[in-house]
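Here is what each chain is made of, one letter per residue.
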Amino acid sequence: MLNYDIVVVGGGPAGMAAAIRARECGIDSILILERAECLGGILEQCIHTGFGLQYFGEELSGPEYADRFICRVNEMGIEYKTDTMVLDVTEDKKVYAINKTDGLLEIQAKSVILAMGCRERPRGALNIAGTRASGIMSAGTAQKYVNIDGYMPGKKIVILGSGDIGLIMARRMTLEGAKVECVCELMPYSSGLTRNIVQCLDDFGIPLKLSHTVIDIQGKDRVTGVTIAKVDENLKPIPGTEENIECDTLMLSVGLIPENELTKNAGISLDRVTSGAVVDEYRETDHKGIFACGNVLHVHDLVDFVTQESQIAGEGAANYVKGLKNEAKYITTKGVGAVRYIVPQKVNILNEGDVKLFFRVGSTFKNATVKVSYNGSELISRKRPRLAPGEMENVVIKNDMLKGFSEGGVIEITVEG
Amino acid sequence: MNYDVAIIGAGVIGAFAARELSRYNIRTALIERCNDMAMGTSKANSAIVHAGFDAIPGTLKARFNVEGTALMPKVCKELSVPFKPIGSLVVAFSDEEMKTLEKLLERGNKNGVPGLEIYGREKLREVEPNISEEAVGALFAPTAGIVCPYELTIAATENAVVNGAEFIRNFEVAGIDYSGDTFTLRSADKEIKAKIVVNAAGVYADKIAAMAGDNSINIIPRKGEYVLCDKTSGSLAKHVVFQCPTPMGKGVLVTPTVDGNLLLGPTAKDIEDKENTVTTAQSLAEVLEKTKKSFPTINTRDIITSFAGLRAHEDSDDFIIGKSAANPKFINAAGIESPGLSAAPAIGAYIAGLVRDELGADAKPDFTPVREEPVRFRNMTNEQRKALIEKNPAYGRIICRCETVTEGEILDAIKAPAGARDVDGVKRRTRAGMGRCQGGFCGSKVVELLAKELGVEVNEITKFGGNSRILYERTK
Amino acid sequence: MTRNITCVTCPMGCGITVEINENGEVTSVSGNTCKRGETYAKNEVTNPQRSLATTVRVNDGVYNVVPCKSSAPLPKDKIFDCMKVINSIQAQAPVKLGDVLAENICSTGVNIVATNHCPAK
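Protein sequences, first through last, are from chains U, L and Z. Add 45 to a position in the first sequence, counting from 1, and you land on the number used in my numbering. Add 65 to a position in the second sequence, counting from 1, and you land on the number used in my numbering. Add 252 to a position in the third sequence, counting from 1, and you land on the number used in my numbering.
With the rest of the complex left out, here is chain U (with noise of 0.2 angstroms):
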């Protein structure tokens, strides 16, 4: 049996900062697992720029983003094993993992974060009709195809999605000399940035087909087209309104799920609408000692932001090992209209700082008004020129307000306009 004061599941962008954070707190004995070849994560195949904008103020791409962390770990000479696999994390904060050198690790941690990221949905969750070709796969797969392995995985493409990942591998594929017919999406708007709209799809000409689907798949051993349709208010596809297209491949860009087997097995509570932890303003989990951070606490939009919140739990984390954080008294947060989930769930009145709460919304907005009430009176109103489903938003919650609060109160956040 090892024994670490925090041990951190997963070595991306999260697993690091948390770590870089926690050290720079005083905490010596750190170990972090990571399931792949190398410190990164899903950044080392996010080859394109735009990453570290917010946080460095710099136009980064994902493997440099990834670097500087890596560097900082190096440097401050926090452990690490890549190629190691969490299999199991108790409720008393064993870690069980696996890898090919040290065969079966037992690790008895003081504190453990959660920096497992996400996956995609795959095609099985959409049950698209049609046969079961190869090229089906997801814009995640794709990306690692294309920028890890070098190999093309398709050459006439469907996008079915126009999240971020769909639309830069939109880009991605037209840069290597693939034909992509058009990007399909469900919603009557996309959830991708604009930035990447614009520069992912209109530069080329790729349509972006707007409140369509794809509702079959044709091919034997590969695909060799699909048919699209339109979907009315309901989402349901309009009769007449098919449309074949010819292809060799259909790339899935239609959402990412926290990967919190590890946290169920542990019996963590998880919040139905971000499938990810309830955590408080430290991402503390309601296990103590346990924290969550990152894409598997709930899915970012931005790296940076991802980056943030787990320097927050990093600390959280160091504070807990010292026997810093002992008393709380909680409120919690409610997100309420096209207020979708509020991360973190509850907050310590006690806590000594500003609470930032981040937020998204359902649906989009034009000038609307960010609305904080406290067990119903109103205490911050905010206009913003616009809101969208894609994006991350965030209020602050002044600590002279936290203090004015009682045990059991609720922060809600609506949005008007």
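Be aware that one or more of the hints could be misleading.
Okay, the calculated bits of chain U under chain L, using three or more residues with CB under 8 angstroms as the criterion [to be verified]:
| no. | stretch |
| --- | --- |
| 1 | 141-150 |
| 2 | 175-189 |
| 3 | 196-202 |
| 4 | 315-328 |
Think of the hints as simulated: they come from the structure by calculation, not from any bench. Only a predicted model underlies this, so the values are computations on that prediction, with no experimental measurement involved. For every residue, glycine included, the Cβ atom is placed at its ideal position computed from N, Cα and C.
With chain U held as given, fit chains L and Z onto it using these hints.
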């Protein structure tokens, strides 16, 4: 190449025929048109071992079902294939359907099905707590169970190969000649000669029979579509839960699978095209609607995939098993629809008996009925895992996270007798890619391992043989 | 001539209309809600530029390719010319993040630099 017997079709019937034949000093070839075994009906069905009360007494279906089901526990043990005798329930939603249950009970008794019992409302709810409030009773059959049909087929094939049978992939029989005492089976570019041919060609059994001059068979592919739910739903049903049968089949069922998923389906639709395993939106909606009648709390959010399979329905509505009237050296195992999986061990043994008698062959003294159990890392204790990785570090690397499949298991699957040659073959043998991410993460790693083991470039690896390549050329 | 542009400087995504005279000079910008939008729109019609990120072939590396990017934005209409040049480069492992893989690509004054490490096999 010359064989004593050539079996056409490596589905569950062909595999069991090969396995049973390998008990004797008989040179056996198991011929498959695809890149792997279990590529037709045997990979996409309800995965049920039926008790045997459905078939009309006196039919081959009734006989082989009851015999096969009785053999199943022993056979599965020998082949190291999980078989769970969880029992089945046929649920009635009206007094009229309760009368149908009485008829099924009577028929089952005539067929020699042991332990049948009719449950009332309370008893049903006690044993199947999530069943619909509308259910009024059920017929319970304790001998029914669940088994993974392709795992069974793969295991039987491996066992046959270990005992000397040859597994020949990618040989699509295009013509059959018979000259005096030898059949010549021709594919586009190869020939195989055999003294006896066993026709286990599934939905193509009629075409194959016709090539040998037997025009008595007519197979109509009857499509069934299924929905598979994540393991989080697996415990919703405790038994194989049927609704009352219709003329088209046994109706929709809800059942846990041996791997702990929940399986819903099938639809039943007669079609023309023997290759049409396309799923349709209407049918999938139909499956959900109908199965919700049995279990209203089925959660569509837990669906991870859907698939379709073709049942080989013969006009006579019964199995056709035995020597062809056109040529006694040509043995049919045709029209094998449900309960074909249940019947397979018995059909295999029966056919092997016919061939043995025809050839006057002796038993092989060194026949081993046991197929060694493959490593199943996910089912092991941590102690076992520790020992395993110490022995072979390849078991210390997880390739498929969702199903906890190690590199070692994937290498085993490729190196096995009649091992995997493509991504789907690895998936069926190890479950890599069968979990909730459906291969999103592990697919590319499986491709890499296959390429390395088979000594080819990664872009030569296919999903399931033929032109189902996954990658094109290098980007640069 | 009139050009309609979607501004990408912030998530607002304003629709901006730019009028250009026959000399290619911008005569008016409308629809923007901030100054940055105006600057973006003017650049977008007179000298549109894009960052390019792709991969370069690596010989004897642990990976077949290494990711790279343009050290500064490139003229939009030269992107595919640059891709052609980049596709012809063969880097020798080991490649280090920041290594210049191509200098002054297509005479743009912009370099192509590696954005990750690729150790030798």
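Hint check results:
Figure legend: the stretch 141-150 of chain U, annotated as covered by chain L; annotation consistent (8 residues with Cβ-Cβ distances under 8 angstroms, at least 3 required). Under a criterion of three residues with beta carbons nearer than 8 angstroms to beta carbons of chain L, the stated coverage of the stretch 175-189 of chain U is upheld, 11 such residues being counted. Residue count for the stretch 196-202 of chain U with a Cβ under 8 angstroms from a Cβ of chain L: 5. That meets the three needed, and the coverage hint holds. Under the rule that three or more residues need a Cβ within less than 8 angstroms of chain L, the assignment of the stretch 315-328 of chain U is violated, with 0 such residues.
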